[in-house]
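Starting from the given sequences, assemble the full structure and let the hints guide the process.
Residue 120 in our numbering sits at position 120 of the sequence shown; the count goes up by one each step and never skips.
Since the hints were made in silico from the structure, they are not lab data.
Fair warning: there could be bad hints in the mix.
[Unchecked claim] With beta-carbon atoms standing in for the labels, derived distance ranges:
no.	residue 1	residue 2	range
1	Pro306	Glu92	30 to 36 angstroms
2	Lys129	Arg244	20 to 26 angstroms
3	Ser71	Ala247	45 to 51 angstroms
4	Glu74	Phe208	56 to 62 angstroms
5	Ala91	Phe9	47 to 53 angstroms
6	His234	Glu74	41 to 47 angstroms
[Claimed, not checked] Straight-line C-alpha distance at most 35 angstroms; calculated DSBU-like pairs for lysine-lysine:
no.	residue 1	residue 2
7	Lys173	Lys73
8	Lys153	Lys183
9	Lys209	Lys88
10	Lys206	Lys289
11	Lys237	Lys135
12	Lys153	Lys129
13	Lys196	Lys73
14	Lys135	Lys183
15	Lys206	Lys173
16	Lys183	Lys206
17	Lys173	Lys289
In this text, all values refer to a predicted model and were calculated from it rather than measured experimentally.
Where is the CB? At the ideal position from N, CA and C, for every residue including glycine.
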Amino acid sequence: MPSLMRYLFIVSVSCVIIFIVFYVFNFGGEQGFQRLNNSDTLMLSQVCISFISGKTPFLWRNKLMIYETSSCKEYLAQSHYITAPLSKEEAEFPLAYIMVIHHNFDTFARLFRAIYMPQNIYCVHVDEKATVEFKDAVEQLLSCFPNAFLASKMEPVVYGGISRLQADLHCIKDLAALEVPWKYAINTCGQDFPLKTNREIVQYLKGFKGKNITPGVLPPAHAIGRTKYVHREHLGKELSYVIRTTALKPPPPHNLTIYFGSAYVALSREFTNFVLHDPRALDLLQWSKDTFSPDEHFWVTLNRIPETSCASRHRQPHVRAPLLEGSSLQCGPLTSAAPSRPVLRPHPIPHTSCTGQLVGLKCATFSLDSCQLPSRML
1 MPSLMRYLFI VSVSCVIIFI VFYVFNFGGE QGFQRLNNSD TLMLSQVCIS
51 FISGKTPFLW RNKLMIYETS SCKEYLAQSH YITAPLSKEE AEFPLAYIMV
101 IHHNFDTFAR LFRAIYMPQN IYCVHVDEKA TVEFKDAVEQ LLSCFPNAFL
151 ASKMEPVVYG GISRLQADLH CIKDLAALEV PWKYAINTCG QDFPLKTNRE
201 IVQYLKGFKG KNITPGVLPP AHAIGRTKYV HREHLGKELS YVIRTTALKP
251 PPPHNLTIYF GSAYVALSRE FTNFVLHDPR ALDLLQWSKD TFSPDEHFWV
301 TLNRIPETSC ASRHRQPHVR APLLEGSSLQ CGPLTSAAPS RPVLRPHPIP
351 HTSCTGQLVG LKCATFSLDS CQLPSRML
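In structure tokens:
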């Protein structure tokens with residue numbers, strides 16, 4: 001009896017799939033259904049095989065892939081990209097995004113679609129060490145958007161090295177040269193996912209009135225060695241890392257006080273011009289080239305210079321959190337656009353309760369983890 005029921009179930013599912021394919025191929029054109037290409041047919045076959053073997057198919061992955069046989073117009077329609085500003089407020093307050101990535105194209109595609117708005121501008125830095133296939137896929141995706149581009153210079157990024165900061169700076173330089181009147185630059189990593197709409201992000205940033213979001217504090221004891229000793233990047237075929245030497249570094253230039261904070265920031269356009277041209281910023285960059293994780297002290301240190309007119313005096317460690325993660329604790333789906341396993345900001349929290357995935361020394365959290373984060377991080 002169980003075998004008969006299983007057989008009838010398989011036959012029923014197969015008939016439904018055959019009917020859908022037949023209908024779309026013969027009647028779908030004028031009624032708004034897109035004809036299935038080879039990728040769609042393959043996807044349906046995989047779904048059928050998954051059902052027969054008792055597995056649950058994951059359809060979302062395939063819908064975000066670039067179909068080699070599709071045009072950009074078809075891809076944008078299939079992936080439901082927003083193609084016009086959703087409000088006057090957003091249209092008048094364009095944002096610039098810096099995206100530094102090195103692998104996991106599907107994750108990047110989800111992030112890009114989630115934050116994409118036609119009035120914004122997007123600079124994508126791909127790790128020079130990334131595979132040719134990954135680079136080609138990213139370039140193919142960006143070619144469909146007039147307001148998205150690859151950074152003019154690619155760095156072989158080493159975790160904790162100066163190359164990570166330089167990746168951001170390459171994009172900032174490219175963005176500053178554009179005529180697009182973007183208001184703030186926001187940098188992201190490959191494991192980000194927004195939990196706020198573009199309009200909510202715009203409204204939040206407008207509240208800072210041109211000031212930056214660069215939370216930080218005076219160096220804690222465990223971080224002093226990062227700028228006290230000389231560090232060197234090691235580029236290897238299998239593994240790249242930063243080496244700490246016993247050589248001592250000279251004091252910071254211009255008698256600057258070094259602060260430590262988040263590497264992920266929101267910077268006003270005025271401040272990015274300061275970063276690119278002011279002698280203090282240029283000298284600090286040069287001094288930081290042999291420190292560990294300079295992206296965690298560069299932005300916040302410059303923003304603490306008293307004469308910086310656009311400096312923010314906010315010292316709250318959670319000040320970035322509402323930008324992408326929500327300003328209050330929410331359990332369950334955090335946005336209607338988020339997938340069932342949304343990848344959020346990696347948090348430097350104890351990993352004993354991480355139900356997500358460890359990335360480096362951080363926990364790339366899922367929605368379940370958001371209910372467990374300490375209140376200071378929300």
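Hints violated by the structure (listed by number, smallest first): 3, 4
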